[in-house]
Amino acid sequence: MNVRLQMSVALLLWAGTVAPRGQTPTFSSRVEAVRVDVLVTQDGRPVRGLRQADFAIEDNGVPQQVDLVSSEQLPLNVILTLDMSSSVAGEPLEHLRHAGRAVLDGLRTGDRSALITFSHVVALGAPLTADVGLVRRALDSSEAIGSTSLVDASYAGMVLGESDAGRSLVLVFSDGLDSASWLSSDEVLDIAKRSDAVVYGVSAGRSPKSDFLADLSETTGGKLFKVESTSNLSAVFLSVLDEFRNRYLVSYSPRGVAPDGWHQLTVRVKGRSATVKARPGYFAGS
Amino acid sequence: MSHDAVANRPTLPRAFVVKAILRLVLALSTIIMLSGGPAPDAAAQRLPSRPVTPQSPDPLAGVERLQEWLTAVERHEPGVVDEPARTISLWSRFELNAALADLKAVIDRASGVVSRFERSGVETTIKTASGPLTLPDVRTLLGLTNDEIRRRDSTRIVKRGAMLHADLAVFTSLDLLVDHSLGREILLVNDGRRVGAETRGYHWDFGRMLLDAVKPDPGRDGFVRLWYHAASAVLTRQGNLASLEPHVEHARTMLPADAVEQFFRGVLHETFASPRIQSAILGIKSEIGSVESESRQAEKCFRQAVALDPAFVEARLRLGFALASVDRHEDAAAELRAAAASAREPILQYFASLLLGREEQALGHRDAARSAFEHAASLYPGAQSPYLALSQLARRSGDKAGARRAFLPVLNLPARESDREDPWWDYYISAGRHANALMTEVGAAFRAGVKQ
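Sequence order for the protein chains is A and B. In terms of numbering that gives the first Met the number 0, the first sequence opens at residue 0 and continues consecutively. In terms of numbering that gives the first Met the number 0, the second sequence opens at residue 0 and continues consecutively.
Check the hints yourself; a few may be wrong.
A few chain A residues that face chain B, going by a derived Cβ cut-off under 10 Å, partial list only [unchecked claim]: (1) His119; (2) Pro126; (3) Asp130; (4) Arg136; (5) Ala137; (6) Ser148; (7) Ser180; (8) Glu186; (9) Val187; (10) Gly280; (11) Gly284; (12) Ser285.
The calculated DSS-like cross-link candidates involving lysine-lysine, where the alpha carbons are at most 27 Å apart (straight line), are [unchecked claim]: (13) Lys284/B - Lys299/B; (14) Lys399/B - Lys276/A; (15) Lys126/B - Lys103/B; (16) Lys222/A - Lys276/A; (17) Lys192/A - Lys222/A; (18) Lys284/B - Lys225/A; (19) Lys399/B - Lys192/A; (20) Lys225/A - Lys276/A; (21) Lys103/B - Lys284/B; (22) Lys222/A - Lys399/B; (23) Lys269/A - Lys222/A; (24) Lys269/A - Lys192/A.
Derived by calculation from the structure, the hints in this document are not laboratory data. The structure displayed is predicted, hence computed values, not measured ones. Cβ coordinates follow ideal geometry from the N, Cα and C atoms, glycine included.
Isolated chain A, as found in the complex:
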């Protein structure tokens, strides 16, 4: 997880890109910043218009000065990570393609997308690109065959999401349990604690589910959606995109805490009884 970013050229470029209009963020050089992607809701609806002064962050119990808050004007990187194992064949595959296309149609100028499909094979359908047509064509040509490497594919989604400094949503869909991954769920959950990418899981079907996708979503500050049928998958995918767009990216430079190890995070919104969803912590220096 790249919760700490050297104030290098890359970060300066990113900060210049994501700064709210009319506001010029200032960072002192060589300070490591922590980024936290935050969803704020009240009565189940996203709360918009919050500013820097509205957030309170504690890092290992130590209050921090929030440096920067950005929200929906940030372009997104959406990594569609979709289960194409044999259990998806037939109508669910059509639903899945339709849902994927709905997400692509919902992207805005500046957003980018990528497609990873998985059965036991983890395959790059389309790299991170602004060319929605490329991703759509890859989606339409995908087949459903084989067993399920959910854990391997989730890792692949996070790696791809980390390949760019922008905000990355890794949307993982699966209708089954892992049966073929090399990577273990513990390994990937450990890596999730080091990643800035936010994973939203969509789990379909009635069979008992493992905890992996729920744990992964929770660890990255995302959310797991459980659906019994794929018939309404497009609406679920679109709600994920909408919710992610309404999140805030909060940044701070840690002070008064250890430079390494696990850091517990607490994010609050001052003066409101709002619900805040963010990753529970991060591994410093990784």
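Please arrange chain B on chain A, whose structure you already have, making use of the hints.
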């Protein structure tokens, strides 16, 4: 069985179908896993079973049935799907059991006839529902000598029969080998989920029953040992755990000091501990234990196999994996290092390197882990697992750029499943990769008349 290199390794199927036997009476279940078999709905294409009523206990009620079975056994060419095989494939378990009972009864009574004849010179007959059988009739029927009949030695017949039933089990798909008589069901599981129910085939069971009659001691008979090894390999390659389980359990009695059968018992428990089986039994009562308990069972079996045959590389390799599964990383690494050093087959080198890399990483030996993963990648450049392993190794040490670099080859691999190869996907069934060669070997041994 050759433990290591076999030049013409059979191509292993990729798709998995898992079956679980539900022992309805006990409300318990166990599992078999099939790969490359027919789709679950293929049961609709099943050959019709002959309607059968359980037979009268009178063993001599129907010599015609015994004659039909003996004729098929005699005419069957090992390794060939011929007319005798097709004929017997239609028989139910009841019919086969009755034929075997008839065989034993005829031999028992004929033995008395031979003894009386040799003592007194008086030739008596055996009464059957089909009429009396003279000694020449019995010799013609069974194809045995007077001496074999007197000693009740049906070895030649039961070995031929075991060959026929092994071929039936191999060549006829499991869905054609149903037996509704046992009140047992099998859950079909595909891609970690239950997708239907079936019942278990019985030709392996029948083959074992026949071989129990081999004289003087089936446990010391070379053909019997080969037959057991081949059966274990076939069942493992098919992922047919429901049939593998009773097979390896019977082998414990028949071949108690046999490293190969201990190995296959270990593979059975190792597979029970695998995610694909553990996923399938979520939410149902099952005889299958937890990952930990099944891994410990596997460890015991592999350890015994290695003790019986210290040069058994694959048993050592899988022992290392079983130890790793219960977080005994030091012990696991030691076994895997030994396996990696002595493995000659590329697939075993690959598994040993990949698994060793994970254990080196768990022990904090990052350089050794990277080296092991890189070796695995060099053996199978089209496999995704070593690159995933290298990438996560870099990522967990904070090297994000290194993780991306290591991951790049995965993104550049062909997208189509048919263009990809990663032995890891077949790890659990790969222990049966020599099945075809072993079946050929059994056929050759049979033809050569190997008995010891």
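Check: Can you name, in rising order, the numbers of the hints this structure does not satisfy?
Finding: Structure breaks hints 3, 4, 10, 21.
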